[in-house]
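Undergrad: From first to last, the protein sequence lines stand for chains P and D. Heads up: the first sequence begins at 16 in the numbering used here, then just goes up one per residue. Heads up: the second sequence begins at 8 in the numbering used here, then just goes up one per residue.
Hints may contain errors.
Derived, one-sided and incomplete: chain P residues facing chain D with beta-carbon distance under 7 Å [what the hints assert, rightly or not]: (1) 58; (2) 59; (3) 84; (4) 87; (5) 140; (6) 706; (7) 709; (8) 710.
Simulated DEER-style distance windows between Cβ atoms [unchecked claim]: (9) 84/D with 93/P: 30 to 40 Å; (10) 8/D with 675/P: 45 to 55 Å; (11) 134/D with 699/P: 38 to 48 Å; (12) 133/P with 107/D: 36 to 46 Å; (13) 82/D with 171/P: 29 to 39 Å; (14) 453/P with 132/D: 49 to 59 Å; (15) 89/P with 28/D: 49 to 59 Å.
So these bits of chain P aren't anywhere near chain D, every CB distance computed over 12 Å [as the list claims (entries may be wrong)]: (16) 56; (17) 101; (18) 131; (19) 134; (20) 146; (21) 259; (22) 319; (23) 433; (24) 459; (25) 499; (26) 597; (27) 628.
These are computed hints drawn from the structure, not numbers from a lab. Note that the structure is predicted; figures quoted are calculated from it, not measured. Glycine residues also receive a C-beta, built at the ideal position from the N, C-alpha and C atoms.
Here is what each chain is made of, one letter per residue.
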Amino acid sequence: MSTRYTGARVTRNEDPALLCGRGLFVDDIHLPRLAHAAVLRSPHAHARIVRIDTRRARAARAVVAVLTHADLGDLGGPLPRLIPHPALVHHKTQQALASTTVRYVGEAVALIVAESRYAAEDALDLVDVEYAPLPAAVGLEDAVAPSAPLVHEDAGTNVCARYTQRVGDVERAFAGAPRRFRERLVMDRGTASPLETRGIVAAWDPRARLLEIWDSTQAPIPIRNGLAAMFGLPQTNVRVVAPDVGGGFGPKVMMFYPEEILVPLAAQRLGRPVKWIEDRREHFVATNQEREQIHDAEIALDGTGRILGVRTVFLYDAGAYCPYGLIVPIVAGTTLPGPYHVPNYHCEFTAVFTNKTPVSPYRGAGRPHGVFVMERLLDRAADGLGIDRAEIRRRNLIQPDEFPYDVGLIYQDNAPVQYDSGDYPRCLARAAEMIGYADWRAQQEAYRTAGRYLGLGVACYVEGTGIGPYEGCRVTVEPSGQVFAATGVGTQGQGHMTAFAQIVADHLGVTPRDVTVRTGDTAAFGWGTGTFASRAAVVAGTAASMAAAAVREKTRIVAATLLEARPDEIELADGKVFVRGVPSRALPLGEVAAAANPLRFAMPREWEGPGLEATRFFAPPRGTFSNGVHACIVEIDPETGMLSLHRYVIVHDCGRVLNPLIVEGQIHGGVAQGLGGAFWEKVVYDAQGQPLTTTFMDYLLPTAADLPSFEVGHEETPTPLNPLGVKGAGEAGVIPVGAAIAQAVEDALRPFRVHITEMPLSPSRVWELVAGTRRSA
Amino acid sequence: MKLEGTNTLPASVDTVWKTINDPDALRSCTPGLKELKATGPDTYQATLQIGIAAVKGTYAGTLSITDKRAPTHYKITLEGTGGAGFMKGEGSVDLEPQGSGTLLKWTGDLQVGGLIAGVGQRMLGGVGKMLIGQFFKCLEERLGGSA
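Extracted from the complex, chain D is given alone in its bound form (with noise of 0.2 Å):
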């Protein structure tokens, strides 16, 4: 499942630059994100909480940051294995400054797999969507931008 989307965040790129770096941002910005744990350089062992339609789960995996070209490109990969299915994610961020703001854009390659493809499929989309606006809410609110 494919999606994409863009957000203006009331800061400059490098400042969002930052953020979108910061273990403590990602790790109170993500929904659902129980545990975030440095393993290396841009690779974090994380748990997540996520329920999708009646199916919730905690997954556990990896993320990673890669291809990363400050301040204005990286590349995000999720792996993550539950009761519940699998969950395999690509995603990438590119930031351009727009006016005194920053023009965050995204895209995600979501795979799922077991019980969230077979019984949640039909919600994936609406859920996706909203964890990843609930995401970028949290980091506008993070960067001073209204709520």
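Just chain P, with the same shape it has in the complex (with noise of 0.2 Å):
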């Protein structure tokens, strides 16, 4: 195979379409007769349901169906658990429409399907839901507490989990350790905030029994599995398609959502389409949430700043409902050490139930909080010991030659943490190099001598990706020359159209605008997971690089016979197939798919099958783990609170780059996420479990105006884990940024001894800190 593509800037398939606004969203299928579906979503973080009135609603204008859960049959019970744990006692997870009782501001409670989605909110307005409201469960430590109210009552605790990972003897280390450090830090909510909210359409055919939906998810395969399962039907009589997705970043590989059952159900009864699209209310409430975690930390240092030992005992947010099991608690303990040396380890966590949106992981899925324990214990321990604060990473940080390093935890994946590759030392380094560490000092102090308060920070982390179980790929070169990839991985702006298509294109010697990918339609494909955990690439671009391979095999045996050649003389390039040093004697690379699908005589039997195709599986033993290092300057008014970001610099190692034009894509939007998390973004509740941020004018996005020009260095260490040598990219820029903002932050305030503990700041926050020192002075 040549590397003409793979690695290359190639401009992005997709991008035509997706530019010229002729994409296709789900809110872009419009069907015969389409009907279109409110919910009514409880006012209440915690209430029971006395009694739902539905007379008037359904004899409403335009109104065409009303279901509650009384309505529901078969399909009331509670939804599917995904990722059980045996550590997970009480997995609940919440019904379709909730029966007798609500426990998050926004559960869905009633669905109306009316003529058009006007008269369906109309109609809302008209069921006459009476609840009896009960004492909600909050906040994080107050759920815990033994008189808190509880949130699922025959649970008899609102503790669904708790589990303890060790390595090493941590008491042991804490006991002999010369210097330790603690810390409590705190994580607030954040929502992924989609350009494209979740939406469903669906569709039955009451005489080919075929279900058909378009849902703006990043599972279609097990959407499909699961609702064959519930609705009946064989799994070949429903289609589930992911068509273009605008964002998914974690809260879209959720299943099931309320919606993606009733919608359909609602099709199936009705005989009629039916259309639900999610407002930008809506998604503040009813889809899943993230970033809830307190940390109680501690790192035990030997007097040169060595760690000997570090322990966590956590409380992770798990919101009213735990459908997606302990993954992201999980992933922040794994994540914890980092590229480090920790002999001794102890990470603890208690998963709490609340009154609040359920979690599930969002873009980065607990390695944000991992990272910012570690990172902020570090920077602790630098100035404890009068250590600089890159100097005690480094000190710290695993050897080239140390690969593969087993740090002694058991991953997301049930497969034990064993980074595969990297070389963490280089990538410090050259951060460092790029930000200009050396010379920070003496710049810092020429800004305070200005009056100005600027702050550098850095931090380092690893980053597990690319897990399995599997994913797979068939590859087809049609007559045309045309060759298709089709993919059960959908994609929601990764840009797996041109990803994949350059690893296929090397293959058979055409261009990646010669191969149209087909993701996330299970009539294309059908076997797959999903999108998530920074995976794609790793697992799926190894499936296409497999069967594009055994076509390129295929091609030759064909083409060997039709050029009087031997396979091992044929070559693929330029859309042709020809004998290696004669050029003349070639074919179009379609006359070859032609010829390999004859319609009369014998088939060679080392063909396998007809037609120039192959499908292809890769199941990967384990995670492959990226690493990076993040380094910022900030600027800080301390009168008013507000930070300006005036340099921000990534280097990040995730192995062979296949795309270096879509890896720095998904870095930047991946910062800017981080960045909003890190000082704009948090989802506020009141006392009683009121959402006070369901507006972009109360839960604030950073735009481009608050970001500066990212600088992005890769590094490329390929894994041995893979033939392509690839691993994750997808969620690598949101997760050190947290704790390189907190630790720039501090650094600029150094004057003022503000201490950082906490995420997200804001303005405000900044400003209370700097007052509180100054107070406290």
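Hints are included, so try docking the two chains, each in its own frame, into the full complex.
TA: Rendered as structure tokens:
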């Protein structure tokens, strides 16, 4: 295989359509007789449903159906439990529509289907629901208090799981340690805010007995499999398409959201297609969120700054239900040791139900927490020991000759956390060089003399990516010469249509523009698990490479007969198949494809099957670990608490880079989301569990005007775990941002002795911290 | 959300007490009140129409007066639900003579949910104060004070 395109800055196949407004999103699906649904949601964080009277709504003009729990029949039970874990004692999931109790503001109570969305929304006001409000468990620490209201009465506790992982002998390490530092670190809630909210269209064809679904999801195949089981249909009679998806970031890998069952059910009952598009306010309460954790963490070191042990005991907010199990806290705990030697480690978490929107992975999925805790501990230790912050990191880094490096923990895929490759010291050195670390103190001093408060932060991370179980790809060359690659991992903006095309193009001697990638349509490819955990390039990319390589071999066998040569003399380039050294003895690739599908005569046994087509699956033994270092320079105005970002440097290593343009895009978006979560974005609830940030007026997303130009440095340490040598990059950008910003803000405000132990910050919070130190001074 | 305030009214404690117990006075002075129907002694069925920021809604609910200690104190409880969410309020009123008039001290604790909480919360304090201000101004006028 040549590597003409793999690794090149190929512009994206998907962009012309997206940039010209010709994308196909769920809301672009228009079907004859389409009806529109709206969801009635609980205004209470916790309440018993005393009575629901839908008579006025049913009688309203243009309303065609009203569903409450009583109408759901067999579909009224708890929604499927994903990813069980032995430690997860109370694996609670919600019902598609609440029956007796609502447990968060936004929980679905009724579905109204009408001739228009307008009529459906109007009819929401006509459903009379009598609630008996119950006390709500809102704050994470309050929810574990013995007197706390119970989110799930039958559980008898708000603790859904406790889980501990240990490496070495932490007690002994701490007992004998010359220096110890403790921190209580708090991270609050955020929401992913994709450009496109959730949405679903369902159509039922009673003659074909075919249920067709268009769903803005990251996991169309599991959705199909689940719907087939729930509706009692063969999997082949359910087609789920995730068309263009305007951002997923994790919450869209959740299944099942209530609407994913209710809309198909309504379509089947009514015999007409139904559409539901989540509006932005609904998104703030009805799409899963993340990030709330409270860590009590401690680090033990020797006098030279070498880590002897780390322990953290933390609370994890699961929200009202925990469909996705314990993935987020497990990822947080296993990410925490990062690129450092941590010979003794104790991580213990308590997962807690609260009367808030459920939690499932959101870009980073616990990694930002682990990194924030480890990096804050190191900052504290550096200050306490009088060691430079970059230097204390350097002293503890795992060295390039230590791979594979076994951390001693079990990861979210149930495999050991074993770092496969990397060069952590080189990444740190390069980031330090790019940001100008050596000259920083002098520069900072000059700014301070001029009355300005600038600070530098540098944070390291290791990121588990590319986990199994498997993905597949089918590569087909059509007689036209067009190449098609179909895979189960849908795309939400990651550039799959291009990255996979590059891989396939190099095997078949065509250009990426000649390769059409089909993702997210169960009718095109029916095996797979979904797009999550920075795994698409690693797992599906490798499957695409394997399938394309198999098609190339088949092409050689078929063409050898046609060109009267040996298969090993056949080459593929420029869309042609030819005998090596004799370019005149050539055939267009499409002609070989036609010849591989003869109408008569015996087919040679070595062809294995007709056509130039092959399907291959890749199942990695375990995840592969990317890593990186972020460094930034910020300025704080102590009078207003406002932050401005002067520079932001990212050095990262995701193994072999398939397309630097795409990886940089992923990094840019991730850093922007990380900066939002570090300084602007915060989901706020009042004491009764009412969300107070349900518009972009109150939930602040960073805009281009708030962000600096990002400076990206690629390092490439290929992984031995797949033939492409690639590691995941999708979540990388977001992971160490909070840690780097906290350190930079603290550094900027050193004269005020501000101590940062929380994320996100905000101008007012920074102002309070400064004012607090002024008062106590 | 907790609110409190005081108003001076140009009438005796007894007169003020009568007025704030008079359904007619409550009906005409409560801003946005569309309907007030007595369902029992000191309990009413109420329909309120209020706009908070962009959230305009009609709330149906109950209003009741409890803890009466004539002529100086009562507690007022309001519960309403509507398409824009729900509101639940509890307040107390205390009267004491001040010169020839009456000093009325009030406290309120308002809890809202649903759309009004999510979208209107930043306006809630201001709107609440304004509505309560309108209420007392109306009482003042009824009691013959200067407008």
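Undergrad: Flag every earlier hint the structure violates by its number, smallest first.
TA: Hint check: 3, 4, 11, 12, 16, 20 fail, others pass.
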